[in-house]
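Given only the sequences and the hints, what does the whole structure look like? Please build it.
To convert, count from 1 in the sequence shown and add 21; that's the numbering used here.
Honestly, I wouldn't trust all of these hints.
The calculated label-pair distances, taken between Cβ atoms and stated as ranges, are [as the list claims (entries may be wrong)]: (1) ARG113 x ARG145: 26 to 32 Å; (2) ARG110 x GLN219: 33 to 39 Å; (3) ARG51 x ARG111: 33 to 39 Å; (4) MET182 x ARG98: 18 to 24 Å; (5) ASP128 x TYR78: 29 to 35 Å.
Note that these hints are calculated values from the structure, not bench results. On a predicted model such as this, the values are computed, not experimentally measured, just so you know. Virtual Cβ for every residue (Gly too), placed ideally from N, Cα, C.
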Amino acid sequence: MVSPFVRPARARSPEEKGQRRDDILRAAERLWTTTPYAELSMNQVAREAKLAKGTLYLYFDTKEELFLALLTEHLQRWLAQLTALLEERRPRGPDDVAQVLLRSARDQEPLRRLLILLGTVLERNVRPELALNFRRDFRRMVQGVLERMPFAPEVTLRILMHMYALSLGWQQLSEELPSSDLGRRPRDPSFLAPSFEQEFEFGLRAIIDRLTARA
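Here you go:
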């Protein structure tokens, strides 16, 4: 007897396969909001997506491959939004650029958390060809941003690299530990509780001003 919690039918059309793949990604994303990456298993994802475990492996060979696909999706969405915002506002100087980048960074905590995984887990554990394809895709996706920034491409790339480093650093310092007793303990008053938005804006504006002044 087939369990009512599992969808055993194999997706056959491209549309069905695309929907099944999206269902898997959404299931992994929901689980990741409450479960640390190290504790999250492919079995859990299959149950959350209401799929047989074997069906899951028709789409992703490993958990790292699944999360790299999730990261690519978030990165594509963010870069598309940033490109559209640059096209709309057409920034002319450092302050205008800072405003656009800060606006694009709002509500991007899932992307920041995925980027933390990229360097520590994902690229080290996926097949080399997948890591190479990810880097190639990123260079292609970022091209629209380079073309719409008012600075030379090399200056824009440095700004984006610093933005990446700042966002990951402040994300790690400001986030609470999910599903942990540590997250419920009173904060040590000898340490400040950092605000991601405030500290990220401070650092990004300083970097843009410095890089563009030198250029």
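Next item on the list: Using the Cβ atoms, figure out if ASP128 sits within 29 to 35 Å of TYR78.
Entry: Holds - the Cβ-Cβ distance for ASP128 and TYR78, about 32 Å, lies within 29 to 35 Å.
Item checked: Pairwise beta carbon distance, ARG51 to ARG111, judged against the given window 33 to 39 Å -> With a Cβ separation near 38 Å, ARG51 and ARG111 satisfy 33 to 39 Å, so the hint holds.
Notebook entry, point to check: Between ARG110 and GLN219, does the beta-carbon spacing fit 33 to 39 Å?
Noted result: The hinted range 33 to 39 Å is violated for ARG110 and GLN219, with Cβ atoms some 23 Å apart.
Next item on the list: Can you let me know if the beta-carbon spacing of ARG113 and ARG145 is within 26 to 32 Å?
Entry: Violated, since ARG113 and ARG145 (Cβ atoms, about 41 Å apart) do not stay within the stated range.
Item checked: Supplied distance hint 18 to 24 Å, evaluated on CB atoms of MET182 and ARG98 -> Cβ of MET182 to Cβ of ARG98: about 20 Å, so the range 18 to 24 Å holds.
Of the numbered hints listed earlier, those contradicted by the structure are 1 and 2.
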